[in-house]
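Q: Read top to bottom, the protein sequences are chains A and B. Numbered by the numbering used here, the letters in the first sequence go through residues 1 to 290 in order. Numbered by the numbering used here, the letters in the second sequence go through residues 1 to 270 in order.
Hints listed in this document are in silico derivations from the structure and should not be mistaken for laboratory results. Among the hints, erroneous ones may be present.
[Unchecked claim] Okay, derived cross-link-like pairs now, BS3-like style, lysine-lysine, Cα gap no bigger than 25 Å in a straight line: (1) Lys117/A / Lys192/A; (2) Lys142/A / Lys68/B; (3) Lys142/A / Lys198/B; (4) Lys147/B / Lys142/A.
[Said to hold, decoys possible] Sample of chain B residues with no beta-carbon within 12 Å of chain A, all distances over it, derived: (5) Ile77; (6) Gly90; (7) Arg141; (8) Arg184; (9) Asp217.
Just so you know, even glycine gets a beta-carbon here, dropped at the ideal spot from N, CA and C.
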Amino acid sequence: MSAFIEVKDLFFRYEEAENTPFALDGVNLTIDKGSFVAIVGHNGSGKSTLAKHFNSLYLPTTGDVLVEGMNTKDDEHLFDIRKSVGLVLQNPDNQIVAGIVEEDVAFGCENLGIPPKEIRQRVDEALRAVDMYEYRRHSPDKLSGGQKQRIAIAGIIAMEPVCIVLDEPTAMLDPQGRDEVIQTIQKLNREKGITIILITHYMEEAVLADRVVMIDSGKVFLDGTPREVFANVGLLKQHRLDVPQATELNAKLRNCGFDLPECVLGEEECAEALFRLLKPAGKEDIPTEE
Amino acid sequence: MVRDITLGQFLPGHSFIHKMDARAKILLLMAIVVFIFVAGNYVSLLMMTIVSLLIVLMTRIKFRMYLKSMKVILFVIIFTGLINVFYGSGEVLWEWQFIRITWGGIHNAIFVIIRIITLVMVSSVLTFTTSPSDLTDAIERLLKPLKIFHVKVHEIAMMMTIALRFIPVLLEETDKIMNAQKARGADMESGGIIRRVKALMPVLIPLFVSSFRRANDLAMAMECRCYNGGNGRTRMKVLHFSWRDLAAAIFLLLTFAGVIVCNIFVPAVM
Ligand SMILES: Nc1ncnc2c1ncn2[C@@H]1O[C@H](COP(=O)(O)OP(=O)(O)OP(=O)(O)O)[C@@H](O)[C@H]1O
Ligand SMILES: [Mg+2]
Chain A
1 MSAFIEVKDL
11 FFRYEEAENT
21 PFALDGVNLT
31 IDKGSFVAIV
41 GHNGSGKSTL
51 AKHFNSLYLP
61 TTGDVLVEGM
71 NTKDDEHLFD
81 IRKSVGLVLQ
91 NPDNQIVAGI
101 VEEDVAFGCE
111 NLGIPPKEIR
121 QRVDEALRAV
131 DMYEYRRHSP
141 DKLSGGQKQR
151 IAIAGIIAME
161 PVCIVLDEPT
171 AMLDPQGRDE
181 VIQTIQKLNR
191 EKGITIILIT
201 HYMEEAVLAD
211 RVVMIDSGKV
221 FLDGTPREVF
231 ANVGLLKQHR
241 LDVPQATELN
251 AKLRNCGFDL
261 PECVLGEEEC
271 AEALFRLLKP
281 AGKEDIPTEE
Chain B
1 MVRDITLGQF
11 LPGHSFIHKM
21 DARAKILLLM
31 AIVVFIFVAG
41 NYVSLLMMTI
51 VSLLIVLMTR
61 IKFRMYLKSM
71 KVILFVIIFT
81 GLINVFYGSG
91 EVLWEWQFIR
101 ITWGGIHNAI
111 FVIIRIITLV
121 MVSSVLTFTT
131 SPSDLTDAIE
141 RLLKPLKIFH
151 VKVHEIAMMM
161 TIALRFIPVL
171 LEETDKIMNA
181 QKARGADMES
191 GGIIRRVKAL
201 MPVLIPLFVS
211 SFRRANDLAM
221 AMECRCYNGG
231 NGRTRMKVLH
241 FSWRDLAAAI
251 FLLLTFAGVI
261 VCNIFVPAVM
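Please work from the sequences and hints to get the whole structure.
A: Below, the structure written as structure tokens:
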């Protein structure tokens, strides 16, 4: 896979003054085309700040961010970069421009200069993808926080970017809504090959990604497949980060000397490992019903 | 409370009026407003009132909604009505010291009140039946000729879109902040005017701060979605005139002709 976004020695501070701390403190990161990357880290670690560098909303204090080889500092590439990297911001309240749901979803497409008929199609499709089609004629200020979040996601999906960056898209959703949004994201990634960068606090979501990048105090602190990253349960806990419950249980038991794999992701895998451990001799298969 | 304001609100529907082109609605509304003032006697005023009521009925929106928007300006209606009663000329009906009520005054008051009510009704029809973006889109297209004078037509329309979108948000926020300050023991309902204005400061300052934050967030969200001014922008809903607009225009032209004929043959009241 080829590199889609390259972050090189990125330093960023919000204020000019020399003594203000860096919100991003030397980040190096390459995101491959078509991959699904989760970015995790505790509050204030710099995730949102990093996300805003991907589509040129913020420019590096020093260092470079390249999107498909285009430097985000180049004004002439601005439109192309924003066209290929769609960012869904953290707070859905102030992201909605128009007074009617479908018109807001259409806003991005309209800016791209897409013909009206095609906009209509894309908007309907995007609204169905986030399960908000029935609300298309509603006014956004009568929707709940989670519903607004979905509208914001639909607005970006409709623009059909090459890469979608989602900043905590599921923070305001109920468990079912969270599942639905994650499924939509996975579908976009698998079926349309859209590169996904998902910022999240839910480790259960991070596990679904191809790769997990953990940010701490503006630095990349761990980077690898979910299995590699979540193997460091102790280290993660030290940095106020959560691990999936099943992973933690596995790690604790392993620490007590049980013969378990180094890292398990998800409940099924954990159950399987435990079953293997407890299985009476002679029986081979795991029963399908548990 | 503040949230009850219906003025400027859009109520989706499928009526004839909803389906009319927004540009036609704006132009015809302006014509109606002019003719409400042209109507100089009871017969022609009655014609305009009936036509306005007919339009209101055609929107198939509950009359209660129109009453609500009337409520906001009830004070204006009563006040201008009263002023007109006292400042008329002609045959004196009742006099006490410097207060004098005349027939002319009463006629004036009736005229003014009916005119304001019909005005509010027809303008409510426009905002009730037109989605905010259609409305601003129509204004943008109607103002397009002004571009030769370097008027930033698209920017004006975008500002209106955002204002319409955030009016309800800010009203709700005002409500919230007021309640939050009341919960902290702020007293906003008693005392003289100066004390009350002072009590409003703790509401206005957080409101300003949060508006600026909102504006910043919104600007960022618009940039994320490639907003780049009006150049090269297309619209999902393209406005186009239909037979409805023609029918409405013809009907209204006939009414206007009727009003003019009435004005010529029936003596004016004022
Ligand atoms: N607009 C701003 N001005 C100044 N400092 C800021 C601004 N936004 C964020 N910061 C600072 O930058 C650092 C990183 O913030 P950022 O919003 O990127 O964190 P985050 O990882 O997204 O956290 P969260 O999980 O709460 O969303 C924080 O220390 C924060 O105080
Ligand atoms: Mg954040």
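Q: Hints the structure violates: just list their numbers, smallest first.
A: The structure conflicts with hints 3, 4, 9, although it agrees with all the remaining ones.
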